[in-house]
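Colleague: Letter by letter, the chains look like this.
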Amino acid sequence: MNKSVYDSPETTAVSRRHILTVLVDNEPGVLARVIGMFSGRGYNIESLNVAEVSNDEHLSRITIVTEGTSEVVSQIEKQLLRIVPVHSVSNLDEEGSSVEAEVALVNIDLNDSNKKKIYEVCDFYRARRIENENNYVIFEIAGASERINRFIKDVNQITKIEIVRSGPVAISTHKNTKEE
Amino acid sequence: MTGAEIVLQSLVDQGVEVVFGYPGGAVLPIYDTLFKQNSIKHVLVRQEGGAIHAAEGYARSTGKVGVVLVTSGPGATNVVTGLTDAMMDSIPIVCITGQVPQHLIGSDAFQECDTTGITRPCTKHNYLVKDPNKLSPVFHEAFTIAKDGRPGPVLIDIPKDVQFAKGNYTQKEKIIIPSHRLFEPEIFKNDEKINEVVNLISKAKKPIFYIGGGCINSGPKASELVSQFVETTGAPATMTLMGLGVLGSSHSNSLGMLGMHGMYEANMAMHECDLLINIGARFDDRVTGRLDAFSPNSKKIHIDIDESNINKTIKVDVPVVGDVTSILKRVIKVWKENNLKTNQSDLKLWWDKINNWKKIDCLHFTNNEKEIKPQYAIQRLYELTKDKKTFITTEVGQHQMWAAQYYKFEKPNRWLTSGGLGTMGYGFPAAIGAQVANPDALVIDVAGDASILMNIQEMSTAVQYRLPVKIFILNNEYMGMVRQWQELLHGGRYSESYTDSLPDFVKLAESYKAIGLRAKKPKELDGVINEMINTDKTVIADIWVSKEENCFPMIQSGSAHNEMVLSKDQKQDKLSAEKGKILV
Chain Z
1 MNKSVYDSPE TTAVSRRHIL TVLVDNEPGV LARVIGMFSG RGYNIESLNV AEVSNDEHLS
61 RITIVTEGTS EVVSQIEKQL LRIVPVHSVS NLDEEGSSVE AEVALVNIDL NDSNKKKIYE
121 VCDFYRARRI ENENNYVIFE IAGASERINR FIKDVNQITK IEIVRSGPVA ISTHKNTKEE
Chain B
1001 MTGAEIVLQS LVDQGVEVVF GYPGGAVLPI YDTLFKQNSI KHVLVRQEGG AIHAAEGYAR
1061 STGKVGVVLV TSGPGATNVV TGLTDAMMDS IPIVCITGQV PQHLIGSDAF QECDTTGITR
1121 PCTKHNYLVK DPNKLSPVFH EAFTIAKDGR PGPVLIDIPK DVQFAKGNYT QKEKIIIPSH
1181 RLFEPEIFKN DEKINEVVNL ISKAKKPIFY IGGGCINSGP KASELVSQFV ETTGAPATMT
1241 LMGLGVLGSS HSNSLGMLGM HGMYEANMAM HECDLLINIG ARFDDRVTGR LDAFSPNSKK
1301 IHIDIDESNI NKTIKVDVPV VGDVTSILKR VIKVWKENNL KTNQSDLKLW WDKINNWKKI
1361 DCLHFTNNEK EIKPQYAIQR LYELTKDKKT FITTEVGQHQ MWAAQYYKFE KPNRWLTSGG
1421 LGTMGYGFPA AIGAQVANPD ALVIDVAGDA SILMNIQEMS TAVQYRLPVK IFILNNEYMG
1481 MVRQWQELLH GGRYSESYTD SLPDFVKLAE SYKAIGLRAK KPKELDGVIN EMINTDKTVI
1541 ADIWVSKEEN CFPMIQSGSA HNEMVLSKDQ KQDKLSAEKG KILV
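Chain order of the listed sequences is Z and B.
Anchor point for the first sequence: position 61 equals 61 in the numbering used here, and the numbering is continuous, going up by one each time.
Anchor point for the second sequence: position 337 equals 1337 in the numbering used here, and the numbering is continuous, going up by one each time.
Isolated chain Z (complex conformation) (with noise of 0.2 Å):
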C-alpha cells in the first residue's frame, strides 16, 4: 500500500521483515531522524541499533529491523539517504549474503527445583551464566534472533524470566564497495 490519501490499485505483494543498516555522521540529532522519519511517514520499526563503529570519523551503524513490502522497504531506504547525515543505507536481505546476530540478557527465576533444568537448557543453547546472586541468575545468550526466541520459549515453559534483547545487528558478508 502506498501513501496516497486516494486508492490505490491492488498490489499482492508481500509484506516480509527487512533488515537496514545505515551508516550515519555521529552527531547530535542524528537517531532522533531517522526514527523521526519512520514515525512522521507511518513506518515501522521492529528492532532498533546504534552503535559509533569508527571512533576517528564519528561514524555510527545503525541496524533496523522493519516489516514492509519491497516497494514499502525501497521508499524507505530512499526517505533514509534525503537525511543529510546518512553516508548509506544498504538493505541486507536483498543483498542475500550476511549473517545477523542480537544478544540477550535473561534473568531467571531459579530454585533448586528447577534449577537442574534451567541448567540444562542453557547448555544446550550455549547461554553463558554471568552473574550469580541472592539465588538470581543471568544468563547471556548470543546468535539468530529464533534461536533467542527458541531458548526464551523453552526456559519459559519451566520458569517465570525477565529479558532484555539488543534487537538484531547484521553485516553483509561479501565487500560492499556501495558504501564510502
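Among the hints, a few may not be true.
Mimicking PhoX-like on lysine-lysine, the simulated pairs with C-alpha atoms at most 25 Å apart in a straight line are [claimed, not checked]:
| hint | chain 1 | residue 1 | chain 2 | residue 2 |
| --- | --- | --- | --- | --- |
| 1 | B | LYS1581 | Z | LYS78 |
| 2 | Z | LYS78 | B | LYS1315 |
| 3 | B | LYS1193 | Z | LYS78 |
| 4 | B | LYS1147 | Z | LYS78 |
| 5 | B | LYS1221 | B | LYS1389 |
| 6 | B | LYS1547 | B | LYS1581 |
Because the hints were derived from the structure by calculation, they are not lab data.
With chain Z held as given, fit chain B onto it using these hints.
Modeller: Then chain B, alone, in the frame of chain Z:
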C-alpha cells in the same frame, strides 16, 4: 570575532542582501551587530510567520536563498508553518533562531523550546551550534544544503552565549562539505535511461509532457530547455500549479494547468496518453486524482532530483534522477545526435482529439452586469497588467485556483503560491518578499477575504518600507473553497465558513496609511484595477464578487481525470462521492 559577528560575516560572504526578521531576547546580540553594519538590510515584519513567507517570496521570485532571523521560543514556533511550506514546495531558506544560553537549555527557561526537535521534520536539515568556531562552517554548509539538490529550508539554532562568545571565522572557500551530505548526481547512471527516454518519445503516438515546479527550481535555463524540447517534439504539455510559467501560457503546445481544478483538455489528455513525460513534478494527489485510474494506458517517464519521489505513489517505467537542466541538455543532445523525430501523422490525430476536448471550453462562465464574477475579475486583472513586469502571489482557496486558471503566466518565477502545504496567509508576506527583491516590479497578492486576515498585520511592514504591494481581494464573505466543498459534499450545510464581521477593507487600508479601493459592480472594476496599478503605494482593492460562485472545472475527490465535473449541475457519481468524502 563574536559569534554574532561571525553570523553577519557568514551572511555577507554568502551574498545575502536582505534578512526578514523580528527581534527578541535570545537574538539581541545578533541584532546589535546588525545595527552596526550597512551591508545587510533587515526587514522588520509584524509576526515571525510573515518573515518566513516573505523570505519564501523573495526566494521564489529570485532563485536566491531567503534568510530569516527570529528569536527563541515563540519566535521559533511561529516559523514552523513557513518552514513546512518551504519544505513542501522546495524553497531554499536559511532560518536563524536564537536559543536560550546553553546552561539554561533543558530547564524550561523563559522563551525556551526544543527548536531543533520541533523543526526536525519540517526542515531539510537543522543545527544547534554550541561552539562559536563552528558557526561559520555551519552557515556555509547550511546555505549549500538549502540550494543543493532539491532545495528546502535549513534552520540554525544559536544559544545566546554562543552569540557573545569569541570564535574564529572560516571563509566559505575553505569549507569542504563531505559529498554524502549533498545531492550526488554522479551516483545515478543515467546514460542508458536517457536513450530509453528519447526512444520512447520518438515512438509515442499520444505523448504528453507533465511539467512541475522542479523546472523552476532548476533555474531559468531549465524553462528554456523544456520549452525548446516540447517544441522539437511537437507534443502537448501541461503544467502543475507549481510549474505554471515554465512554458508560456500562450505557447501553442501548452494545455495549461492539470489536476483537481486544471483544464479539461489537460486532464483528458493525461488520461488518454500513451506516454507521460513527467519533468520535475511529484505526482501530487491534487494532480493524480484516483490512483487506480490515473493515466491507465501510458508508459511513464519521471525526471526528478529527489529519488524518493520515484515510485512513491505512481509506478513509473523510466526513472531519471537528476537536475532538470542537466538531464534536458543530455536528452536534447541525444535526440539531435540520433536525428530522432516524432511521427507527425500520429501527433496530428492526437492534437485533433485534444482540440476536440478544448471545444468544451471548460473555463467558460456566465458573466453578468449586476455582480462581478471572480473569474472576470482575474481576467481583467490579467488584461490590465500583462504588459508590465508582474508578479502574482496568492493565498489559498478559490481565488488561488481562479488566479491559476485565468491569469496567464508567460515566464517562470512570476507566480508564487503555496502549493504543497496550502498555507492561507502566505500570499501577502510573500508579495512583500517579492517586492523587496524586485522594487521596480508590480507585485499583486490575489487574496480571499478570509486568507488575507491571516497575515493582515503585515500591512504595517509594507507601509513602513514603502512597498507598493497590491492586495487584490476577491471578497465573497466566505471561506469560498470550504463553502464549495460543503455545498458539494456536505449537503450545503455551511458550517463556520461564513466570515462574519469582516473589516471594512478600505478603512483598514487607510488606518495603515495605505490606499483602499473598492469595486462593487462590474463597470467599476477596470477603474479600480487601473487606479491600483497606478498608485505607487500599498493598496488594498476590495473586489465584491458573486458570493456563491464555485470553482470549476473540478475533479472531485475520489474521481479520476476523465470524470471532471464542469458545472454545478453535473453530479459526481454516488459511490465516488461517498469515497471522496473522507479524502482531503
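Colleague: Would you mind marking each hint as holding or not holding in the structure?
Modeller: Hints, one by one, checked against the model:
no.	hint	in the structure
1	B:LYS1581 - Z:LYS78	violated, 32 Å
2	Z:LYS78 - B:LYS1315	holds, 15 Å
3	B:LYS1193 - Z:LYS78	holds, 19 Å
4	B:LYS1147 - Z:LYS78	holds, 20 Å
5	B:LYS1221 - B:LYS1389	holds, 19 Å
6	B:LYS1547 - B:LYS1581	holds, 24 Å
Checked against the numbered hints listed earlier, the structure breaks hint 1 alone; every other hint is satisfied.
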